[in-house]
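Same order as they appear, the protein sequences are chains A and B.
Numbering-wise (the working numbering), the first sequence opens with residue 1 and increments by one.
Numbering-wise (the working numbering), the second sequence opens with residue 1 and increments by one.
Worth flagging that the hints you see were computed from the coordinates, not collected in a lab.
Please read these numbers as outputs of a predicted model, since none were measured by experiment.
For glycine and all other residues, C-beta sits at the position ideal for the given N, C-alpha and C.
Please note that the accuracy of each hint is not assured.
Covered stretches of chain B, going by a simulated chain A footprint (3 or more residues, C-beta under 8 Å) [stated by the list, open to error]:
hint, segment
1, 32–42
2, 53–61
3, 88–99
Dumping the calculated SDA-like pairs for lysine to any residue here, alpha-carbon to alpha-carbon at most 25 Å [unchecked claim]:
hint, chain 1, residue 1, chain 2, residue 2
4, A, Lys42, B, Lys39
5, B, Lys31, B, Asp90
6, B, Lys39, A, Val40
7, A, Lys69, A, Glu98
8, B, Lys50, A, Thr93
9, A, Lys50, B, Glu66
10, A, Lys69, B, Thr46
11, A, Lys19, B, Met1
12, A, Lys39, B, Ser64
13, A, Lys10, B, Pro53
14, B, Lys82, A, Met48
15, B, Lys42, A, Leu91
16, B, Lys82, B, Pro11
17, B, Lys82, B, Asp63
18, B, Lys42, A, Thr93
19, A, Lys50, B, Glu76
20, A, Lys9, A, Thr93
21, B, Lys78, A, Ser44
22, A, Lys9, B, Pro47
23, A, Lys9, A, Glu30
24, B, Lys9, B, Val26
25, A, Lys42, B, Glu30
26, B, Lys42, A, Gly89
27, B, Lys50, A, Leu84
28, B, Lys39, B, Leu94
29, A, Lys10, B, Leu94
30, B, Lys69, A, Gly49
31, A, Lys39, B, Ile5
32, B, Lys10, A, Val45
33, A, Lys10, B, Asp100
34, A, Lys9, A, Ile28
There are 2 protein chains.
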Amino acid sequence: MAKLIALYKKPEDQIAFDKHYNEVHVPITEKIPGLREIKVTKFSVTPMGKEAPYYLMCEMFYDSQEDLKNGLRSAEGKASGKDLMSFAGDLVTLMIGEED
Amino acid sequence: MAKLIALYKKPEDQIAFDKHYNEVHVPITEKIPGLREIKVTKFSVTPMGKEAPYYLMCEMFYDSQEDLKNGLRSAEGKASGKDLMSFAGDLVTLMIGEED
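Use the sequences and the hints to build the structure in full.
In structure tokens:
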């Protein structure tokens, strides 16, 4: 299965980040054609008890790499990307992957 | 659901890494008590077409944070950690998280 992964570093204002993420960014992103599922993981610590280097991970699942590319190129995909850059451009790392 | 995430940077020798990962590390890790599932994602590029900053992600699922901690503390968990450090100590980032 094709996956787009977004890894976010810890925002300075976590409350504002969470609010925008949940109330604005996820609803925009959910409209992307071909997107099958969104899974969100929140990180806490490393196994050694240190603060995790990332705050949150979002996994976005598509049936194929082609669907993922088409989703990102769509108007809805571009709207999601534009919103992302507006509130987390300096925090996010995006990667395309394939889950075994 | 509780998750342990391992993010690996790109190894110099991918063939040797994949061989050790699949033939040695995963079988050791699968023995950890309480571990429900392992999901492996291989990364390719960023949406902008650049090389992804990580090579591989392993997600290890447990029923609870308590189970995850007990798994890591177990003899099998320690054996997995020792093996990990032997072949990928300089490549791996480990984080504990909770999937919504």
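Okay, the hints, checked on the actual structure:
1. 32–42: holds (count 4)
2. 53–61: Holds: 3 residues of the segment 53–61 of chain B have a Cβ under 8 Å from chain A.
3. 88–99: Held - the segment 88–99 of chain B has 7 residues with a Cβ nearer than 8 Å to chain A, which meets the minimum of three.
4. A:Lys42 to B:Lys39: holds (17 Å)
5. B:Lys31 to B:Asp90: holds (24 Å)
6. B:Lys39 to A:Val40: holds (15 Å)
7. A:Lys69 to A:Glu98: Answer holds: Lys69 of chain A to Glu98 of chain A is near 13 Å, not above 25 Å.
8. B:Lys50 to A:Thr93: holds (12 Å)
9. A:Lys50 to B:Glu66: holds (17 Å)
10. A:Lys69 to B:Thr46: OK: Lys69 of chain A and Thr46 of chain B at ~11 Å, within 25 Å.
11. A:Lys19 to B:Met1: It holds: about 22 Å lies between the C-alpha atoms, which stays within 25 Å.
12. A:Lys39 to B:Ser64: Holds, because 17 Å separates the two Cα atoms, which is no more than 25 Å.
13. A:Lys10 to B:Pro53: holds (18 Å)
14. B:Lys82 to A:Met48: holds (14 Å)
15. B:Lys42 to A:Leu91: Holds - the C-alpha atoms of Leu91 of chain A and Lys42 of chain B are around 22 Å apart, at most 25 Å.
16. B:Lys82 to B:Pro11: With a Cα-Cα distance of about 18 Å, the restraint between Lys82 of chain B and Pro11 of chain B holds, given a limit of 25 Å.
17. B:Lys82 to B:Asp63: holds (24 Å)
18. B:Lys42 to A:Thr93: Satisfied, since the Cα-Cα distance of roughly 15 Å is no more than 25 Å.
19. A:Lys50 to B:Glu76: holds (22 Å)
20. A:Lys9 to A:Thr93: holds (8 Å)
21. B:Lys78 to A:Ser44: holds (21 Å)
22. A:Lys9 to B:Pro47: Holds. Lys9 of chain A to Pro47 of chain B sits at ~18 Å (cutoff 25 Å).
23. A:Lys9 to A:Glu30: holds (22 Å)
24. B:Lys9 to B:Val26: Answer holds: Lys9 of chain B to Val26 of chain B is near 17 Å, not above 25 Å.
25. A:Lys42 to B:Glu30: holds (23 Å)
26. B:Lys42 to A:Gly89: holds (24 Å)
27. B:Lys50 to A:Leu84: Cα-Cα ~18 Å, so holds.
28. B:Lys39 to B:Leu94: It holds: about 15 Å lies between the C-alpha atoms, which stays within 25 Å.
29. A:Lys10 to B:Leu94: holds (16 Å)
30. B:Lys69 to A:Gly49: holds (11 Å)
31. A:Lys39 to B:Ile5: holds (14 Å)
32. B:Lys10 to A:Val45: Holds - the C-alpha atoms of Val45 of chain A and Lys10 of chain B are around 23 Å apart, at most 25 Å.
33. A:Lys10 to B:Asp100: holds (18 Å)
34. A:Lys9 to A:Ile28: holds (21 Å)
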